[in-house]
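Asker: Residues per chain are reported as follows:
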Amino acid sequence: MKLHSRPRHADHFPGAEAFSASLASLAQPLEPFRVLAPDGTVCGPLPKLSEEQLQELYRWMVFGQHLDQRALQLQRQGRIGVWGPTRGQEAIQVGLGLAMEAEDWIFPSYREVVTLCMRGLDLGDLLNYYRGLYWLADPKRTGVYPQQICIGDQTLHAVGAGMAFRLQKRAAVAVAVIGDGATSEGDFHEALNFGGVFCAQAVVLIQNNHWAISRHWTEQTASASLAEKAMAHGIPGVLVDGNDPLAVYTVTRWALDRARSGQGPTLIEGLTYRLGAHTTADDPNRYVPPDELNAWRALDPLIRMRRFLEDRGLWDDTAETGARQEALARVDEAMQRAEQTPMPPAERLFETTLATPTRQLLAQRDELLTDT
Amino acid sequence: MKLHSRPRHADHFPGAEAFSASLASLAQPLEPFRVLAPDGTVCGPLPKLSEEQLQELYRWMVFGQHLDQRALQLQRQGRIGVWGPTRGQEAIQVGLGLAMEAEDWIFPSYREVVTLCMRGLDLGDLLNYYRGLYWLADPKRTGVYPQQICIGDQTLHAVGAGMAFRLQKRAAVAVAVIGDGATSEGDFHEALNFGGVFCAQAVVLIQNNHWAISRHWTEQTASASLAEKAMAHGIPGVLVDGNDPLAVYTVTRWALDRARSGQGPTLIEGLTYRLGAHTTADDPNRYVPPDELNAWRALDPLIRMRRFLEDRGLWDDTAETGARQEALARVDEAMQRAEQTPMPPAERLFETTLATPTRQLLAQRDELLTDT
Amino acid sequence: MAEAINRALAQALEHDPGVVVMGEDVGQVGGVFRVTDGLLARYGAERVIDTPLAESAIVGTAFGMALAGLRPVAEIQFMGFLYKALDQLIAQAAQIRARTWGQVAAPMVVRTPYGGGVRTPEHHSDSLEALLLCSPGLKVVVPSTPADAAGLLLAAIEDPDPVVFMEPIRLYRSAREALPPELRSIPLGPSRLCRAGADVTLVAWGAMVPLALEAAESVAAEGIAAEVIDLRTISPPDTATISESVEKTGRLVVVHEAPRSGGAGAEVIASLVECCFYALRSPPRRVTGFDLVYPPQLLEDAYLPSVARVAAALRQVVEE
Amino acid sequence: MAEAINRALAQALEHDPGVVVMGEDVGQVGGVFRVTDGLLARYGAERVIDTPLAESAIVGTAFGMALAGLRPVAEIQFMGFLYKALDQLIAQAAQIRARTWGQVAAPMVVRTPYGGGVRTPEHHSDSLEALLLCSPGLKVVVPSTPADAAGLLLAAIEDPDPVVFMEPIRLYRSAREALPPELRSIPLGPSRLCRAGADVTLVAWGAMVPLALEAAESVAAEGIAAEVIDLRTISPPDTATISESVEKTGRLVVVHEAPRSGGAGAEVIASLVECCFYALRSPPRRVTGFDLVYPPQLLEDAYLPSVARVAAALRQVVEE
Ligand SMILES: Cc1ncc(C[n+]2csc(CCOP(=O)(O)OP(=O)(O)O)c2C)c(N)n1
Ligand SMILES: Cc1ncc(C[n+]2csc(CCOP(=O)(O)OP(=O)(O)O)c2C)c(N)n1
Ligand SMILES: [Mg+2]
Ligand SMILES: [Mg+2]
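Just so you know, the sequences run in chain order A, B, C and D.
Following the numbering used here, the residues of the first sequence are numbered contiguously, the last one being 372.
Following the numbering used here, the residues of the second sequence are numbered contiguously, the last one being 1372.
Following the numbering used here, the residues of the third sequence are numbered contiguously, the last one being 2320.
Following the numbering used here, the residues of the fourth sequence are numbered contiguously, the last one being 3320.
These are calculated hints, taken from the structure and not from any lab test.
As the structure is a computational prediction, the values presented were derived from the model and not from experiment.
Treat each hint with caution, since some may be false.
Here are the computed lysine to aspartate or glutamate pairs in the DMTMM-like style, where the Cα-Cα straight-line distance is at most 20 Å [claimed, not checked]:
1) Lys169(A) / Asp3016(D)
2) Lys1169(B) / Glu1310(B)
3) Lys48(A) / Glu1310(B)
4) Lys169(A) / Glu103(A)
5) Lys1169(B) / Asp1125(B)
6) Lys1048(B) / Asp257(A)
7) Lys1048(B) / Glu1339(B)
8) Lys48(A) / Asp283(A)
9) Lys1048(B) / Glu1101(B)
10) Lys1169(B) / Glu2320(C)
11) Lys3248(D) / Glu3320(D)
12) Lys169(A) / Asp311(A)
13) Lys1169(B) / Glu2046(C)
14) Lys48(A) / Glu320(A)
15) Lys3248(D) / Glu3274(D)
16) Lys1140(B) / Asp1125(B)
17) Lys169(A) / Glu3274(D)
18) Lys1048(B) / Asp1257(B)
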């Protein structure tokens, strides 16, 4: 079992005593920052959040849980296409969602749907994307850029936007959210390097859900954490317990403030676990070790946050039922709207490729209209 | 002036005390490993080298110095094309050249000509490359792969070869030599990551000559050294005084042994200085600060090694004259041979693109032969 | 077809100890399309290598391995992600032979699923063969049947130069046929005549071949006899066979999924016009994807060439 | 031409505060060809940005900047290094408009010196326009005169979509002409008629245009009147102007430096044959680089199209 199997390479290098002062090494093995222990008790500095905000965080987590569940059903019914489950990763998503400001932008992967909804993305538009339409909600309005399918590419977009914000003296931050697998892509490193050099107003958040399809994160790299990859680029790297929404909120908020005030980007690794399949096209039984999965089931972020709220008298069964019903109603309402969206005619594609369609495109559009 | 301006970002992050244990940071600022002080006195553990080997090292340095000088003349005379000066970088090249074993491979950039000659590359073949022919010496025989022009690409080739050596149980190591600029390329990071994961029999040596054309290395990245970039990939990163041939020998030898015995790759940063232009097409007066240049002129690796040898009675003016004459004679003889190489007919190009030329290539060859 | 490719890979691994299979998720899980299913168990993790997520590294290290004497078969999980590896593929692997006067070979294969029609998400349906045609030193192969897939893949692995092997996703499951116990390689280069006909030459590859055949059948009743050629090797294209056919039919239609402008059909037509101009009786036509970014799932049917569009083109070139 | 581009960049920086110039060595040293000379001093390091050495990052962050409302003009130091940026250029920047139903624009320019003939080292002489033709959402422009370079670059910067602007290295110094104090943009798309003639249409771009003109002159004495068209915008190509010319001349020759197979000439010919088939009197011909990796300096002259080769093709299509 590979649970928490962090240090893998020996920290000492026999024969290299002579130049030990010349050998790069970590000051200390990283400890994930944590505010809530897995049982919901407080073990770190609580962020300054109101009771309503704390409840709000959890309500979004419940929303995420049920959106995921419903989406899996919809996929089985053939009403949406491939879905990437988010079960188990709710805490990172809500922590980030709450920490961001209205003027901030997000360049997401496909596994931050809750954050996107918190940022104001219309769920109907999102479900239409999964039904097989393009991205309907204008990112210029929502600050939510289309989900990125090309692993890691969006890191550069966030850094580029964050360079522009600095130049434009805008108090905005661009956030890229990526998976553990994305840290192996060259673009990830090029982005952090540019970010560090140009002090980009950007934050890069890794949802380390342990898997990149079938590859365990400890096989993705020989480094002992993903956060320490920041050191290659002279920017801070922080490891946070990704199943602790308050810890994620604290760290992302700090990183956003830091970027906003011109101190440069931060890399954050949120350690979490993908409790479901990679996507609805995947069979995790082929590769996920059951005992690791079980160990992480016990670390379910929903359990943790609910216990924390219950301990403070901020949550009970009635609230849970209410939150669940509210979530399901939202999803169902949004799906209904999505399915009622009039199908955009295919010929519109010819007008949205370039600002002004080429002769070729116009001729081809006529071809399409003639043939059909 | 930017001489040795290493730490640039604050090592502490205000407001992050709460999660300081989660913040990746370096154990200590790296000190370049050094055996010889700039004045040639011994300040570190001497490697076990015979007097002849020590003289040999210096003789190659003198060779490098004069090859460079002659090549600049040849370029001005129009007898070779663009030349990338190596003046000032002789120590790294000879340290590595001596450390490598016969079965090892090198994937060089364009600034390790001395190492290549030490590895057995025929200087006539090399000069023919600079005259504007392809790479004539078969790398399968010499272990010297063609100079890489696409910055950083060869890092992946060395790692791939080093993965193959491991699989083939060959006691060989593949070395990539790159410049400081190459560390910003995604391929560099992808290569180190693969190397770390697959324990490739590879070594990556950075000649940090302070400049990537007009960009100073401290503007290339926000990290405090290039060696510490290794930490992103869980492999050792070593900083070495690149103007100290004995230190470079020690560290590269250690890294080669380490890779050969299956312990994985090492990243080495040799800190040196490009005393000349980027290439004969460049005007460094536009960007090199004179005081930095002068400071590094005083750190000339040839001065250092010569003093060390002289202190031990292993070198004198006669030896110097002899070495210079030998070097110049070698270059002149090689250039003569190169210029006497019969021009390969252009139609040969059609036979060397694919193992079996396509119909298209054959038809085009006929076109060429008809037209001319 | 997935099974045929799996068998070819197994046979290559079995017969040549230098062959290694590598890529994202090719080992433990057997590939996202199960094309490499079972290979890890049989040939071990040293030769069936699950890699980290980095396309440039996959191709770049495969190239390094090829230099060291192995025959890597690298997978890019979907062709839309090949862009990231083009520098290593084109500027490095494809050029090493020329750069060393023919002395150094890089025998390696880059397998990659491509093409649309199965409702995959964005970037998962691209047909990018046109990107590769202008790169000397590289071959590009696309099979349309299981037998061709197995035979051409074996030949690609045996080939001394880098080969991109495009696998039509749409045919992975739908194309089925019985294969002999011992697979034989099929030479790269020659196209395959799928259907004889005297009136018009119809050139297609990959998932467009079954479609072309269907279109040919559909116009047969109207008295149009289409000769269908499966190009199989897109680079270098088998212009000899096509021109022989066009000399006979005097008409040419090329079908491909990729956008028309700058597509591989342009090269087929341009080279055919150069050699068969006087035999041509009507202008060659292209039935292709439109000059669009591959559309989202609900609109992809409008984008893809259909039997009706191909049939219409066949009629058009005959009537003109 | 280098000076004309420099002036266009300066004018764009002057008039539009959103314009930023970025790339390796574009600032302090003014570009390896001095094309951006003096811009850093005039417009400051915030807008004339020397970047670290990473092509994918240059294009990927330029795209992010464009999303944020800037108009980045990014330089790839030589076109042979563009491969590393193709994913960000094609899969990202060129596709964002389509992926958002036309709502998001990425107005950005990627400038890149290209082409041979000046004895540059390996990878420094590539002409890779053909790589970009099959990518919807992207425009490709190549000027052949200083005036065009300035005007087309201004238009590219104003354009709401990503444009690749290829600069013929060979013409940086050799092409000179006086320009007005205030430069005007020249619309992307239309080609330019450089020389009128009734016998054969000769299409070229970039450094091949002066060569084509020379070839046209050289056959004029033999009574062959060649009409020379500078395509200028390679994608989308101005087929209207070419077809008008071909309707008149009945003959077509296309010249480009890049290898023939899969080159941009194929698209010109294929689309021309589609629309002008019946006007054609002889098969269109391509005079191009051969299907070779760009050869080393001592052999590049044999590779490049020459006046003699172009003239021979002109004679051939007229005589056939
Ligand atoms: C560039 C690229 N390569 C490969 C893929 C295929 N693919 C889709 S998801 C995935 C794994 C991603 O893992 P990770 O980054 O950890 O994100 P997660 O799915 O776990 O959220 C892969 C390999 C892709 N989409 N893009
Ligand atoms: C991929 C790529 N981008 C850009 C260039 C142009 N270029 C040639 S050398 C160079 C600087 C390289 O600097 P560095 O890596 O430090 O090596 P050095 O020249 O100092 O030895 C650049 C940008 C190139 N050759 N390859
Ligand atoms: Mg993951
Ligand atoms: Mg350097």
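Asker: Could you check the structure against the hints above and give me the numbers of any it violates, in ascending order?
Answerer: Numbers 2, 3, 5, 6, 7, 8, 10, 12, 14, 17, in rising order.
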